[in-house]
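Number of protein chains: 4
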Amino acid sequence: MPIFETQEETPKIKERLHRVGITNLRSVAKINWKGKVYTFLPLFEITIDVPEEKKGIHMSRLVESITEAMSEAVEEEVLKTHTSLEELGKCIIKRLEGKHPHKRAEVWIRTHLIIPRETPASKRLSYEPYDVEVGVIKNYDGSFEKVLRVKVIGNTACPHAMANNNGKTHIQRAVGELEVRANFDEEIPLEDMIDVVESSFSHPTYTLLKTIDENAVVQGMHANPKFVEDVAREIFAKAKERFNGKIHVRVISNESIHKHDVIAETWS
Amino acid sequence: MPIFETQEETPKIKERLHRVGITNLRSVAKINWKGKVYTFLPLFEITIDVPEEKKGIHMSRLVESITEAMSEAVEEEVLKTHTSLEELGKCIIKRLEGKHPHKRAEVWIRTHLIIPRETPASKRLSYEPYDVEVGVIKNYDGSFEKVLRVKVIGNTACPHAMANNNGKTHIQRAVGELEVRANFDEEIPLEDMIDVVESSFSHPTYTLLKTIDENAVVQGMHANPKFVEDVAREIFAKAKERFNGKIHVRVISNESIHKHDVIAETWS
Amino acid sequence: MPIFETQEETPKIKERLHRVGITNLRSVAKINWKGKVYTFLPLFEITIDVPEEKKGIHMSRLVESITEAMSEAVEEEVLKTHTSLEELGKCIIKRLEGKHPHKRAEVWIRTHLIIPRETPASKRLSYEPYDVEVGVIKNYDGSFEKVLRVKVIGNTACPHAMANNNGKTHIQRAVGELEVRANFDEEIPLEDMIDVVESSFSHPTYTLLKTIDENAVVQGMHANPKFVEDVAREIFAKAKERFNGKIHVRVISNESIHKHDVIAETWS
Amino acid sequence: MPIFETQEETPKIKERLHRVGITNLRSVAKINWKGKVYTFLPLFEITIDVPEEKKGIHMSRLVESITEAMSEAVEEEVLKTHTSLEELGKCIIKRLEGKHPHKRAEVWIRTHLIIPRETPASKRLSYEPYDVEVGVIKNYDGSFEKVLRVKVIGNTACPHAMANNNGKTHIQRAVGELEVRANFDEEIPLEDMIDVVESSFSHPTYTLLKTIDENAVVQGMHANPKFVEDVAREIFAKAKERFNGKIHVRVISNESIHKHDVIAETWS
Chain A
1 MPIFETQEET
11 PKIKERLHRV
21 GITNLRSVAK
31 INWKGKVYTF
41 LPLFEITIDV
51 PEEKKGIHMS
61 RLVESITEAM
71 SEAVEEEVLK
81 THTSLEELGK
91 CIIKRLEGKH
101 PHKRAEVWIR
111 THLIIPRETP
121 ASKRLSYEPY
131 DVEVGVIKNY
141 DGSFEKVLRV
151 KVIGNTACPH
161 AMANNNGKTH
171 IQRAVGELEV
181 RANFDEEIPL
191 EDMIDVVESS
201 FSHPTYTLLK
211 TIDENAVVQG
221 MHANPKFVED
231 VAREIFAKAK
241 ERFNGKIHVR
251 VISNESIHKH
261 DVIAETWS
Chain B
1 MPIFETQEET
11 PKIKERLHRV
21 GITNLRSVAK
31 INWKGKVYTF
41 LPLFEITIDV
51 PEEKKGIHMS
61 RLVESITEAM
71 SEAVEEEVLK
81 THTSLEELGK
91 CIIKRLEGKH
101 PHKRAEVWIR
111 THLIIPRETP
121 ASKRLSYEPY
131 DVEVGVIKNY
141 DGSFEKVLRV
151 KVIGNTACPH
161 AMANNNGKTH
171 IQRAVGELEV
181 RANFDEEIPL
191 EDMIDVVESS
201 FSHPTYTLLK
211 TIDENAVVQG
221 MHANPKFVED
231 VAREIFAKAK
241 ERFNGKIHVR
251 VISNESIHKH
261 DVIAETWS
Chain C
1 MPIFETQEET
11 PKIKERLHRV
21 GITNLRSVAK
31 INWKGKVYTF
41 LPLFEITIDV
51 PEEKKGIHMS
61 RLVESITEAM
71 SEAVEEEVLK
81 THTSLEELGK
91 CIIKRLEGKH
101 PHKRAEVWIR
111 THLIIPRETP
121 ASKRLSYEPY
131 DVEVGVIKNY
141 DGSFEKVLRV
151 KVIGNTACPH
161 AMANNNGKTH
171 IQRAVGELEV
181 RANFDEEIPL
191 EDMIDVVESS
201 FSHPTYTLLK
211 TIDENAVVQG
221 MHANPKFVED
231 VAREIFAKAK
241 ERFNGKIHVR
251 VISNESIHKH
261 DVIAETWS
Chain D
1 MPIFETQEET
11 PKIKERLHRV
21 GITNLRSVAK
31 INWKGKVYTF
41 LPLFEITIDV
51 PEEKKGIHMS
61 RLVESITEAM
71 SEAVEEEVLK
81 THTSLEELGK
91 CIIKRLEGKH
101 PHKRAEVWIR
111 THLIIPRETP
121 ASKRLSYEPY
131 DVEVGVIKNY
141 DGSFEKVLRV
151 KVIGNTACPH
161 AMANNNGKTH
171 IQRAVGELEV
181 RANFDEEIPL
191 EDMIDVVESS
201 FSHPTYTLLK
211 TIDENAVVQG
221 MHANPKFVED
231 VAREIFAKAK
241 ERFNGKIHVR
251 VISNESIHKH
261 DVIAETWS
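Residue numbers (full-length UniProt numbering), protein chains in the order written: chain A, 1 to 268; chain B, 1 to 268; chain C, 1 to 268; chain D, 1 to 268.
Just so you know, these hints were derived from the structure itself, not from any lab. These figures come from a predicted structure and were not determined experimentally. Check before you lean on any hint, since a few could be wrong.
Just so you know, same-sequence chains aren't split out, so a pair can sit in one copy or run between any two.
[Claimed, not checked] Restricting the straight-line Cα-Cα distance to at most 35 Å, the calculated cross-link-like pairs of lysine-lysine (DSBU-like) are: (1) Lys168 - Lys90; (2) Lys34 - Lys14; (3) Lys168 - Lys36; (4) Lys90 - Lys103; (5) Lys80 - Lys12; (6) Lys240 - Lys99.
Kindly produce the complete structure, drawing on both the sequences and the hints.
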């Protein structure tokens with residue numbers, strides 16, 4: 001029986017679609033980072049453009065581009081080329097080029113990083129989790145860009161309340177987000193972006209804190225009171241200095257004295 | 001053309017199902033609370049049981065029970081009988097009794113309450129939001145129960161850090177949840193449950209805080225340091241004293257010194 | 001005791017912040033829509049800019065701008081001027097102009113609309129829920145823009161599977177999102193945007209469906225098979241024809257044959 | 001300087017708390033499953049009880065129990081004993097017994113499993129994602145229980161619409177959840193629970209589907225129409241036959257003809 005390729009038909013309405021594909025796909029990713037292989041279970045999104053004269057895309061070829069890149073058969077490829085999430089994303093687009101014609105393509109990978117840290121006083125090992133997202137974009141002109149995003153949990157100790165209450169203040173968890181959009185070849189490690197955000201709060205946070213560590217964090221927060229505005233400014237200034245690209249900063253503070261959050265956001 | 005009532009057929013596998021119906025239905029609810037009509041846009045869930053010998057239920061009759069209860073035609077009914085979310089739930093079950101045979105039924109209604117408060121120092125008006133959920137359960141024996149849930153945002157100021165840092169401590173947003181499961185006729189206003197939770201934190205929070213109010217909250221939190229355990233114990237003890245029913249308490253504190261949360265939970 | 005206004009100090013790092021304020025604030029909104037007052041409990045976000053030489057903003061004044069606009073004292077104002085969510089947003093910014101100096105401001109309001117519809121065959125009344133979001137932006141040059149977003153639940157019946165399976169196909173829920181960014185004075189009712197999206201699926205969906213209505217929907221979906229690409233193109237073409245502004249369309253189909261979703265997105 | 005152990009003080013309100021600890025902790029887990037080591041980044045919750053006479057617990061010791069179990073130092077332990085998520089959970093409780101006195105303890109681990117499958121017609125390899133959660137509970141009497149949960153994405157093809165529309169029907173994504181609560185030593189592989197759920201839908205779903213596979217799924221769904229009630233009954237009957245323990249089933253169908261979901265739930 002012949003197979004009808006409905007996707008290849010001409011649609012009634014002729015409009016170019018910039019992004020068509022699959023999203024919310026949970027799969028495996030292996031990254032050879034500085035010589036050691038790490039396994040992730042990220043959420044993937046992969047899209048291509050659809051020109052005016054085509055009705056649709058062949059979705060299964062996008063899935064193949066992701067899953068083949070993960071399969072046992074390419075273990076060697078992993079070790080050689082998947083040295084970062086964005087290199088993996090580019091490999092997926094390169095693999096897709098042999099499978100499905102397109103002019104524009106995007107791959108997005110969202111996962112967690114766990115990074116070992118040393119606690120401030122007892123110098124114990126603490127594993128810290130961070131949310132990261134990497135987008136690789138092949139533009140219509142063939143150039144490659146990347147979008148790197150990190151989300152870091154920290155805190156703010158309010159300087160206004162501190163000034164008005166003899167050193168006592170309200171403190172709360174805050175979440176800092178940094179996005180850098182850059183040429184693909186710019187050297188911008190996610191770990192460096194995380195450092196920029198984490199070092200801009202009143203104090204970094206830790207998963208493990210013995211009492212002497214907890215004391216150090218409490219003293220540190222009080223020694224470094226910051227508005228959510230201060231955190232956003234510091235992330236933005238540091239990021240502009242360290243990274244080449246378009247920078248977007250957003251900090252949300254889960255106020256301990258309010259039921260709502262406060263927000264500070266800026267961009268270059 | 002005859003309509004096949006597939007739902008009335010005998011299923012291949014014979015098992016009683018306790019809860020079958022519709023969920024995540026956003027609709028309108030009007031409540032006549034102490035003589036004034038309030039409008040909500042809650043999420044509804046409504047289920048009935050299915051006996052071993054029936055394949056399925058007639059879902060549209062459940063929808064009718066909800067939407068008819070809301071329609072213009074019953075405005076008068078609203079004014080007389082919908083005096084609380086649980087009375088509305090019971091009305092929906094009563095209406096359903098004339099539409100679909102069943103032995104057991106549940107209605108769940110999830111919405112927000114906005115309650116006016118006075119700020120602690122400037123005595124300004126502040127509107128405070130709370131998440132509430134009400135379940136009405138008709139048991140197999142025909143008796144009616146209700147499940148009432150409130151979720152209140154407050155804070156914890158750590159007594160351990162305070163003792164070890166000369167009065168300085170870490171503070172954070174905390175969320176207290178109280179559930180009471182009781183006979184339908186027990187008098188348990190949601191507002192009273194909210195008061196029990198809100199008064200058990202280091203200090204209540206406010207949407208509007210002028211500087212003198214903010215100072216009062218900061219001083220209050222430091223005067224009343226509490227572990228998440230202390231908050232849970234206080235909610236539990238107060239709730240047992242004020243409400244007849246099975247009580248469940250859960251408090252989650254969004255630690256400002258950690259990336260994870262801490263939790264304290266207990267039940268009667 | 002003098003109150004320190006820490007917000008007015010000069011920050012160490014000098015960077016303009018474009019958006020500083022409060023977010024995730026649940027409050028009340030009353031809208032006089034075509035002569036009848038509707039009550040909502042939306043989520044609000046309100047932000048202003050912070051110039052290089054100021055450390056922070058006075059957050060409580062933003063809260064006041066929202067809550068005063070809702071208070072009993074302005075019931076008359078509601079009846080006259082809050083004729084849409086965007087008019088309410090503009091009123092909040094206007095009120096804020098007298099409270100806090102700024103050059104740029106945004107108000108975002110996110111809520112649900114419930115719209116009565118007639119079912120396709122039995123002509124019964126069905127209340128349909130939609131997610132909507134409205135942003136009002138006062139730009140640095142003083143001009144006002146608005147961003148209108150609707151999210152509508154519909155479905156797709158796959159034309160490719162239908163062609164290859166003698167009229168049988170896979171069908172699934174799909175979610176269509178339409179955003180229009182326009183000058184504030186453009187006449188763009190949210191209801192019209194919802195119509196554009198809802199009429200572009202394989203068939204509209206209904207909360208209440210008697211069997212003859214269900215049959216009409218099933219027949220209708222099979223008579224009108226569509227890729228997610230077709231839905232996106234149709235929304236985009238209709239929106240460009242009906243609304244003046246920058247248009248963004250995104251459709252996500254929760255595939256019944258896959259565990260992931262498919263996506264089609266485009267913009268003007 | 002002496003350290004105050006506030007946790008050891010006697011609280012004002014004397015109530016036993018059954019569950020106190022940490023939650024929403026993202027960390028690393030390595031499981032040696034049938035001789036091969038898999039890495040996950042799960043969310044952890046770990047709690048112990050607090051007796052009436054103690055104010056609080058030492059939270060950092062709970063964190064240590066998790067992170068030490070993951071550290072390089074115990075790689076050998078991983079290979080020997082972490083042969084499943086529940087064995088890992090029990091190891092964490094065992095490690096905790098040496099660190100913090102308690103009578104009752106729970107560990108919860110939530111992650112994704114990716115399982116290779118063969119597509120129905122082209123016999124291609126497809127990686128399928130599943131959400132799983134494992135709880136290990138040490139009861140007050142010292143006995144160990146486990147709670148195993150799987151969440152599987154499938155579909156329902158409506159038999160009622162099919163009977164009334166000459167074989168045409170509405171189809172949609174559905175999500176089946178199965179929970180088994182059992183003695184710790186019962187042999188209940190998560191993969192078997194996933195099979196029970198996945199085989200009970202109108203048809204299993206696949207991440208990768210070439211056209212001939214898509215046809216097989218479409219034909220299969222139409223050959224096997226099921227209400228959400230049928231899916232729940234089949235999961236329940238199979239689970240009772242295969243697993244010793246208390247069983248809870250919930251199926252939610254994301255209706256393609258409605259904006260709400262339908263639900264079928266039962267338990268033993």
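task = Against the structure, test the hints numbered earlier, and report the numbers of the ones violated in rising order.
result = 1, 2, 3, 5
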